[in-house]
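Asker: Bring the two chains, given one by one in their own frames, into a single complex with the hints.
From first to last, the protein sequence lines stand for chains E and V.
Here this note's numbering is used: the first residue of the first sequence is 1, the next is one more, and so on.
Here this note's numbering is used: the first residue of the second sequence is 284, the next is one more, and so on.
Fair warning: there could be bad hints in the mix.
Stated by the list, open to error - Within a straight-line C-alpha distance of at most 25 Å, the following computed BS3-like cross-link-like pairs (lysine-lysine) qualify:
hint, chain 1, residue 1, chain 2, residue 2
1, E, Lys181, E, Lys87
2, E, Lys276, V, Lys401
3, E, Lys181, E, Lys276
4, E, Lys178, E, Lys87
5, E, Lys276, E, Lys178
6, E, Lys273, V, Lys401
These are computed hints drawn from the structure, not numbers from a lab.
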Amino acid sequence: MTNSRPWIPYLLILPSVAFLALLFVVPLVQTIWLAVSDNGAPSLANAERMVTDINFTRSVKNTFLLTIAVVPVQIALALAMGTMVAKVGRGRETILWIWTIPLGISDLAAGLVWLSILQNTGYLNSLLFGLGIIGRQASWLSYQTPVALFLAIAVAEIWRGTAIVMVIIVAGLNQVPKEFKEAAEIFGAGPWTRFWRITLPLIRPALQSALILRTVLAFEVFAVVYALGGRNFPVLVGEAYNWQNQNQNYSVAAAYAVLIMIISLAATLIYLKALKVDPERLP
Amino acid sequence: MTTDTISMTADTPDATGFVSSRRWLLWSGIAALCAWVLVPIYLVALGALGGRQGVYVWPKTGLPTGISLEPFFLFLKTEGVVQSFLNSLGAAGITVALSILLGAPAGYALARYDFRGKDSYRLLVLLTRAFPLAILALPLTVSFIRLGLYDTILGVGLIHTVLALPFAALVTQGIFLGVPKELEEAAWVFGCTRIQAFFKVVAPLALPGIVATAVFAFVISWNEVFAASVLTVRNRTLTAYLLTVLSESPMHYRFAGGLMLILPSVVFIFAVRRYLFAIWGISSK
Numbered sequence: 001m002t003n004s005r006p007w008i009p010y011l012l013i014l015p016s017v018a019f020l021a022l023l024f025v026v027p028l029v030q031t032i033w034l035a036v037s038d039n040g041a042p043s044l045a046n047a048e049r050m051v052t053d054i055n056f057t058r059s060v061k062n063t064f065l066l067t068i069a070v071v072p073v074q075i076a077l078a079l080a081m082g083t084m085v086a087k088v089g090r091g092r093e094t095i096l097w098i099w100t101i102p103l104g105i106s107d108l109a110a111g112l113v114w115l116s117i118l119q120n121t122g123y124l125n126s127l128l129f130g131l132g133i134i135g136r137q138a139s140w141l142s143y144q145t146p147v148a149l150f151l152a153i154a155v156a157e158i159w160r161g162t163a164i165v166m167v168i169i170v171a172g173l174n175q176v177p178k179e180f181k182e183a184a185e186i187f188g189a190g191p192w193t194r195f196w197r198i199t200l201p202l203i204r205p206a207l208q209s210a211l212i213l214r215t216v217l218a219f220e221v222f223a224v225v226y227a228l229g230g231r232n233f234p235v236l237v238g239e240a241y242n243w244q245n246q247n248q249n250y251s252v253a254a255a256y257a258v259l260i261m262i263i264s265l266a267a268t269l270i271y272l273k274a275l276k277v278d279p280e281r282l283p
Numbered sequence: 284m285t286t287d288t289i290s291m292t293a294d295t296p297d298a299t300g301f302v303s304s305r306r307w308l309l310w311s312g313i314a315a316l317c318a319w320v321l322v323p324i325y326l327v328a329l330g331a332l333g334g335r336q337g338v339y340v341w342p343k344t345g346l347p348t349g350i351s352l353e354p355f356f357l358f359l360k361t362e363g364v365v366q367s368f369l370n371s372l373g374a375a376g377i378t379v380a381l382s383i384l385l386g387a388p389a390g391y392a393l394a395r396y397d398f399r400g401k402d403s404y405r406l407l408v409l410l411t412r413a414f415p416l417a418i419l420a421l422p423l424t425v426s427f428i429r430l431g432l433y434d435t436i437l438g439v440g441l442i443h444t445v446l447a448l449p450f451a452a453l454v455t456q457g458i459f460l461g462v463p464k465e466l467e468e469a470a471w472v473f474g475c476t477r478i479q480a481f482f483k484v485v486a487p488l489a490l491p492g493i494v495a496t497a498v499f500a501f502v503i504s505w506n507e508v509f510a511a512s513v514l515t516v517r518n519r520t521l522t523a524y525l526l527t528v529l530s531e532s533p534m535h536y537r538f539a540g541g542l543m544l545i546l547p548s549v550v551f552i553f554a555v556r557r558y559l560f561a562i563w564g565i566s567s568k
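Chain V extracted, bound-state conformation (with noise of 0.2 Å):
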């Protein structure tokens, strides 16, 4: 398809007009979808700030009328909040340290070794796919209690960690394929050790990728509900926090516990779209 939208000069008034029309079409698609996306987390933002007497205006209209930022200061006063903001930072730190140091590891040996086991282990790492893991959590509270390990953010951390390394091995695999083995071997024969080779010229290369793969670690520990209210009573996340409260907290609370979980990591991924999206394979056409 051609990629002049605005040819409106051209002879063929006929093929114009069919070719805008599809152009129309194409976009106020891409318009639609965009809307189903954003429209909603503008509506609950409205929601958080609109306070409790935005919550029983009706009917509503959909502008910013009566909102201020208060309402969401007052939802950071009320007990717990912050502690359990807090609380899932620390789970999602542990999460995003240790799904590097261990994943990193595995997913450079994946892409630059060929040795007995590999497709064991590439099978391990995709089986925890098709396993509902936070359902994990269960057994491990049993164990968690014995070890100290319940009700701490630790805890949490490692549980966190079972979602997210698996992820880490395979992404920072695809990372470390994508720097060029010939830099590696340049550097050793220049007389570098193996270690100093990694440190000085692949890392570097690598750390955009890596940092991607971190900040989506972030996002999995950071989002994850079902394994943190199963571990935690008193020392929650702000998602384990949220739910056991929802029942018994007002609408204009529950709205502004929502925009607090939605803006930390659509931030983050904002911030490395663009490693993700080649991470991913979705950005080069």
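Next up, chain E with everything else stripped away, as it sits in the complex (with noise of 0.2 Å):
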């Protein structure tokens, strides 16, 4: 199939090289050169100006705090999904399905969902308020509340973006051989040996591609953050925005996406080398 005409491969991935070329590459270089330019010379002004912002200190501890905090408990959460589905016959796609519900929710949908219940009259209060926990409507999204507000964020985030790391994650488990497992218990491997031994290493492909879309995403983070926080909570996708938009300077926000990107970059190249697997493996 491959030799009578070699050009027909090309015509196909031609267009979608071409867009991506004029829209990706593109736009990446001018991103980087839009943030170490000024006036078209080469220079740090708006890397100084970033740092130099009010906000900027802040929005990268966020950021980083956020990631760190929401990660592992997505990973954690979507093996805990994994294995438990994989123990159920019947009603195994009904409760995939539901899992799978937040992929379809967008970041600012699912900041407006956990506002209807941690706002001043929401259900988180009204239900502490029942239990008698508290004895008036308690605030948890205010400037004066920044852990309340953190742990907030990190709830929505883990919400809407558990599914995505455990379809990954299941589809992982599903290339598992049974084999491996039955053998391990044969020589008499409990549970949580065969897990650690067997299952993770075996699914590290699925683990890498989960942890590497799921950090670049919580990178991303912006309007869950709007959503519950406004501008009480500072992130860096979001100081992006507000220089761009309310500021009007192209040249700082540029400096943002590219920091943005450095950070995303290298925790990629972190996962590549620290979970080592074969690139045609990758899904």
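Answerer: Given below as structure tokens:
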């Protein structure tokens, strides 16, 4: 099938290559140039302006803390979901569907969903009041309660973002041959040993993709924060948005964008190194 | 593990007791996680349908009291909502069309041919996943202004296609790999040209998977907030519209907006769940 007309595959991929070159590679280069130049000459003025901005340190700290808090929980939850659903025969499809619902929910919508629970007259306060834990409406989402606000955003992110991890992990678990587990069982390995020694190493490619995807998405966190905390909780993408829309300063916005790219790329490389897998097996 | 969940008649009561308590633990875990997903959606729906009074009820019970569709319709009548809804549909339509038109041929090439540069192409596609793509909207505003694409639905659709296209290429590759090569070769033997064979044999078999891919591309575009907000001023998508009016709109409007964002994509994913599960490889056991 390959020899007769060797140009066919190139013809087939050409449109997508051209498209990605125009709308992925070119803007990527432009962003970098915009960030490291000033009036057409190379300059670090934008980076300097970004770093000295009052919200910069907070937004870096918040984004990292959020990622560190959210990603491990999501991986653990997804592993639990995958292990559970593997033991289910009938009803498996329904359970999987319910668990994948958040895939269809945007971060903005997720923020609004949790806003309905966490706002002052919301369901969390009603529940705590009913249990006699709080005497009056507590406020969780103001700038005076940074820890509660952080937890609220983390919960909303975990709620929304676990589904994609679950999909990747369940797919990985499905590829683990049953024989491996059975053999381990015969040799006397308990459930925990089997999980740590057999399952986890075998789903490494899935874990790697899940970690990369989720970490990159976590550094992109934006709308969920906006919906819950407004501008009380600065994050990197939110700052990029503000510099572009409110301050109309594209260069500093681009500096933020480049910073996010560098962090995402670094995280990706770390995962690729730390969890070495054959590139052919990446989904 | 055995599947006999109700085997109370087994003659070793201890073993049965152990098995069923583990089953109980399993099912309560599953139920808890299902509730974790579903209850918040139910509560925002209550908020959306409860209207102005509903927001201030205190303490709330979680029961559907005092709800009606009227607050939701009132929200729909707010200036800009219907238009932004239509804009979202338009941008998602463009995204679906472009990502399938450009991505499916690439997926077919990856599935059926060995060619030089295949690995580089896959690397390009994988690279897109390591970047926060929505950020690309920043430099694009400048080019889009120059090209007259700024503040248009087409412009938003284009950037959303960057998000959906790599996904479409990789997923359609899997779909075409699932269509047996032999069927296609048989069609050639019977005198079909390559193109005829593709449209008569391969396309019908791949169609469900491609529809599922399209739905997922739709959802990606429908949910995207950042690029849409940066690239539009007057022709906002629903997400961008909600983001800009967020701070000044009353609570029940925000909840109505949230519900309106959730419903279409959830219904769509539900409609094609079987094919999505097959594509993702999470259905078969």
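Asker: If a hint holds in the structure, say so; if it does not, say that too.
Answerer: The hints, checked one at a time:
{"no.": "1", "hint": "E:Lys181 / E:Lys87", "result": "14 Å, holds"}
{"no.": "2", "hint": "E:Lys276 / V:Lys401", "result": "22 Å, holds"}
{"no.": "3", "hint": "E:Lys181 / E:Lys276", "result": "23 Å, holds"}
{"no.": "4", "hint": "E:Lys178 / E:Lys87", "result": "13 Å, holds"}
{"no.": "5", "hint": "E:Lys276 / E:Lys178", "result": "23 Å, holds"}
{"no.": "6", "hint": "E:Lys273 / V:Lys401", "result": "23 Å, holds"}
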